[in-house]
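Protein chains: 2
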Amino acid sequence: MAREQGSARKQRRRRARGGNVAAGHAIEQMPWHQPELSFPPQELLNEEQLDIIHIASLKILKEIGMEFMSADARDRLRKAGADVNEETHMVRFDPSLVEELIKTAPSTFTLHARNPQKNLKIGGRYIVNGCVSSPPNVSCMDKGRRPGNIEDFQNLLRLSQYFNIIHLIGGYPVEPLDRPVSTRHLYNTKDMLTLTDKAISVYCIWGQRVSDTIEMARIGRGISNEQLEREPSCFSVINTNSPLKFDEMMLNGLIEMSSRNQVICVTPFTLAGAMAPITLAGALAQQNAEALAGLVMTQIVRPGAPFVYGGFTSNVDMKSGAPAFGTPEYMKTSIIGGQLARRYKVPYRTSGVNAANTVDAQAAYESVFSLWGATMGGGNIIKHAAGWMEGGLVASYEKLVLDVDLLQMVSEFLKPVIVDDSTLGFESIVEAGVGGHFFGTTHTQERYRNAFYAPLISDWRNYESWEEAGSPRAWQKANQIWKKALKDYQEPPIDLAITEELDRHIAAIEETGGIGTDF
Amino acid sequence: MAREQGSARKQRRRRARGGNVAAGHAIEQMPWHQPELSFPPQELLNEEQLDIIHIASLKILKEIGMEFMSADARDRLRKAGADVNEETHMVRFDPSLVEELIKTAPSTFTLHARNPQKNLKIGGRYIVNGCVSSPPNVSCMDKGRRPGNIEDFQNLLRLSQYFNIIHLIGGYPVEPLDRPVSTRHLYNTKDMLTLTDKAISVYCIWGQRVSDTIEMARIGRGISNEQLEREPSCFSVINTNSPLKFDEMMLNGLIEMSSRNQVICVTPFTLAGAMAPITLAGALAQQNAEALAGLVMTQIVRPGAPFVYGGFTSNVDMKSGAPAFGTPEYMKTSIIGGQLARRYKVPYRTSGVNAANTVDAQAAYESVFSLWGATMGGGNIIKHAAGWMEGGLVASYEKLVLDVDLLQMVSEFLKPVIVDDSTLGFESIVEAGVGGHFFGTTHTQERYRNAFYAPLISDWRNYESWEEAGSPRAWQKANQIWKKALKDYQEPPIDLAITEELDRHIAAIEETGGIGTDF
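Going down the list, the sequences are from chains A and B.
Following our numbering, the residues of the first sequence are numbered contiguously, the last one being 503.
Following our numbering, the residues of the second sequence are numbered contiguously, the last one being 503.
Hints listed in this document are in silico derivations from the structure and should not be mistaken for laboratory results.
Certain hints may be false.
What the hints assert, rightly or not - To list a few chain A residues with every Cβ distance to chain B over 10 Å, as calculated:
{"#": "1", "residue": "Y432"}
{"#": "2", "residue": "K467"}
{"#": "3", "residue": "E484"}
Stated by the list, open to error - Below, in silico cross-link-like pairs of lysine-lysine (DSBU-like), each with a Cα-Cα straight-line distance of 30 Å or less:
{"#": "4", "chain 1": "B", "residue 1": "K468", "chain 2": "A", "residue 2": "K303"}
{"#": "5", "chain 1": "B", "residue 1": "K467", "chain 2": "B", "residue 2": "K102"}
{"#": "6", "chain 1": "A", "residue 1": "K399", "chain 2": "B", "residue 2": "K329"}
{"#": "7", "chain 1": "B", "residue 1": "K467", "chain 2": "A", "residue 2": "K303"}
{"#": "8", "chain 1": "A", "residue 1": "K399", "chain 2": "B", "residue 2": "K399"}
{"#": "9", "chain 1": "A", "residue 1": "K468", "chain 2": "B", "residue 2": "K303"}
{"#": "10", "chain 1": "A", "residue 1": "K303", "chain 2": "B", "residue 2": "K471"}
Computed from a predicted model, the values in this text were never measured in an experiment.
Backbone N, C-alpha and C fix where the C-beta goes; we use that ideal spot for every residue, glycine too.
Make a model of the complete structure from these sequences and hints.
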């Protein structure tokens, strides 16, 4: 039996293979925990190359500058020493000013959740996985693709709560288009605070919307304004209008968030070839310039305000202009983005993304390539890590479950291998004997229940059993699992006084007609 | 537009997305090249932990030993100083003897192909991808799953020749069961040598079969025996009968191969929980013991004979005994296996494997997780890298194409990012202007054709266009591509004198009745 796999075949004949989905039983999932990178993040550029990118981005900020469309922001920037042109709204920065102002940003901090057991350590070697956020559409295999709506919005929140490997409600898992825009953020936030007890996000679209939401986060935690400002409790991502532009709404939101010491993540939208140079070094230099400008802005608003460096640089299909994710280029920029964030000693946000239209092999390989880049690159917050498809145009129920499995696998991979007498198991080799097997050894019997990661999706039955079972595909298993999860989902406890106060807050704003919607 | 993806949506509206399969045109693939790891391989264990595994494996070889079922092998081992028990066939090794004997193995060497342009650098940071080998079954989406046969064997060889990212014919891509066993190796080898011009493999099943095949490799290259012995031209994998057993056929094959300076790769078949301890440290210690025993054997036969350290340790599903691949455990052992191989300064073989029954998301994510471990672990030879499914029970046409795409993506990822004035593209940022776009810039126009990796499979059309096209899945695109590749395939040139000599060699052996088949 020298033939490759010969022994495997024999092993298989000896034992029937079974599936690993236990219908009716609780879904076996990992307990709540924050994964930690157990090794140094990977580096693709050397120190000198990293310096060149850094210097190039400072040159962009000095010689071209960046457009700031908010008068309030420009006023603050001018006072801080930036060169502001009130006619063009362009702001130029001296390199030494940038270097000086970014020093106050914290390298690690805690993002507080309504449930303190779900507070998140941001930075260092810690990893946070965020659910999909912001798609206008939703899909499942039963009802197909449809516009976002309240029911799906709430269901996806329930799934994000149910699965422990999702740490952060990174935004609206789908846009509930059937909610009136003027008060949508209020009801959405109430759902985030009541259907889940995890840390939540705010959209930096106009100041009042932001302050309404921060207030609800405060009420949700039942704390004072002072405590809220000591304990960041909201997370918000700002995508620049690349190239080199911050619009008014996002700047006012940033100012509101940072002034109250809430978390701002600036993620330049630098798709190489479209909104940034086609070469990765150039796209990264521009990404870095825009991220640094955002970092400077937060620190001017409030020195020490928590900031996360966002990297999203990917490429587009140059034949069609379609954005692509999970590509080799995306992996490289994910890793180099991490090097840049660590250079500035701030946490790093990256993403688990793909551009597939269905939960097929493409969706899976693009997602794992994204996770490869994000993980090896030392990503601290992995946004869109569960449920994202079509480059962000759809939130998929089945993809969410598939991603939960992928994220759990990455988390298991990151657990250190224990090397000691017990795990070396010399006695078990003696006990199994030459040519014997290990199933029956004491060493195995003591450990077999939890020795290995138990996948949600992978079907390891032999072909014949699998075929007899109807040849189920991965997405079909995922479909069963989300239904089971929704059935098993339990609303996290919350004080009645808190929900009443949330309702009063919403009613008071509704009386005023909600926020303006003329944007 | 602070909303995540807002800018992407706008970009998409501006430009229609198109597919990337150009029916009728040649398949766009990477040119022949050997990828190189552009960064140091990852390390999961520290030096001290690695030492503990090393010492544990030497303890296994000293205190338990390994069964060698060949009298010839035992004789050589005794003469080299090992402690041989002729009754039990157990051979024990003093640690210092092992340390001494393994010193002669080369850390790098060249594996020669019939076409010298396809010679392979083995070791260092070089990567070799091998096609699927040895499944008893074959499948495609048109005809389903069926036993291996000559037609599919030849077609899979043609595809392995066609795709440049497949470097090594790692064995029979499927077993052609319709060839008589006694002469199967002769016709299979002739096919490997004529349908492809890449480096080939030999199965170490019985000495004569091995010598027949080596002779054909020599004829194929048109060289003398002396040159063949200077220039390794055959590769062979030996899976031990784990735990701790080498059978007679494989040992006689190893002796034949190593004595003629051909490449032996010993890959212990240490599935944790079945043929090795359930704990990864224990399974790795046993893997290492078995691999070192193989390494010692090759160096006793011929000091300096090329040897490759094989790592294949994975886990089994403890509920069913089914082997699993592409698991978190597999990723860890892949990476640590590389650390061990480098400790002994020999090249490292790992695999691109999965246990899926169909080309769905599972097949893709398990494969990319495997490649993640193999790549980051510094694998020099990645066996089964294209076409393997069901844990090795089937070779799939569609999976082969999918894997070619994955391998090309990994290869693209490994290409260093160039950081210089040209790639920083400062002028293009000036040219695009604030809030502008880069499609029209000179910098983009000069580069857009080859700026990014062009995928074979990924469908980046928008949902509507994709749906109009019939909602094609990844496997359907793969199905089109292998058909196109077979149509475009061209037999590599070979001298008529060589094919005639191969035929004479086969006829001469056939006259004697071929090899014995009583195994």
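Non-interface claim for K467(A) versus chain B (Cβ beyond 10 Å)
holds, 18 Å
Does E484(A) clear chain B by more than 10 Å, comparing its Cβ with all Cβ atoms of that chain?
holds, 31 Å
Pair hint K467(B) and K303(A), alpha-carbon separation not exceeding 30 Å:
The hint holds at about 24 Å.
Would you check the hint for K399(A) and K399(B), treating anything up to 30 Å between C-alpha atoms as holding?
Distance ~29 Å between K399(A) and K399(B) Cα, so the pair holds.
With 10 Å as the threshold, tell me whether Y432(A) passes as away from chain B on beta-carbon distances.
violated, 4 Å
Given the hinted pair K468(A) and K303(B), is their alpha-carbon gap at most 30 Å?
At roughly 22 Å apart (the allowed maximum being 30 Å), K303(B) and K468(A) satisfy the hint.
Tell me if the straight-line CA distance from K468(B) to K303(A) falls inside 30 Å.
Satisfied, since the Cα-Cα distance of roughly 21 Å is no more than 30 Å.
Does the structure keep K467(B) and K102(B) at a Cα separation of 30 Å or less?
holds, 24 Å
With a cut-off of 30 Å on the C-alpha distance, tell me whether K303(A) and K471(B) pass.
holds, 26 Å
Is the straight-line distance between the alpha-carbon of K399(A) and that of K329(B) 30 Å or less?
With Cα atoms ~27 Å apart, K399(A) and K329(B) stay inside 30 Å; holds.
Of the hints listed earlier, the one the structure fails to meet is number 1.
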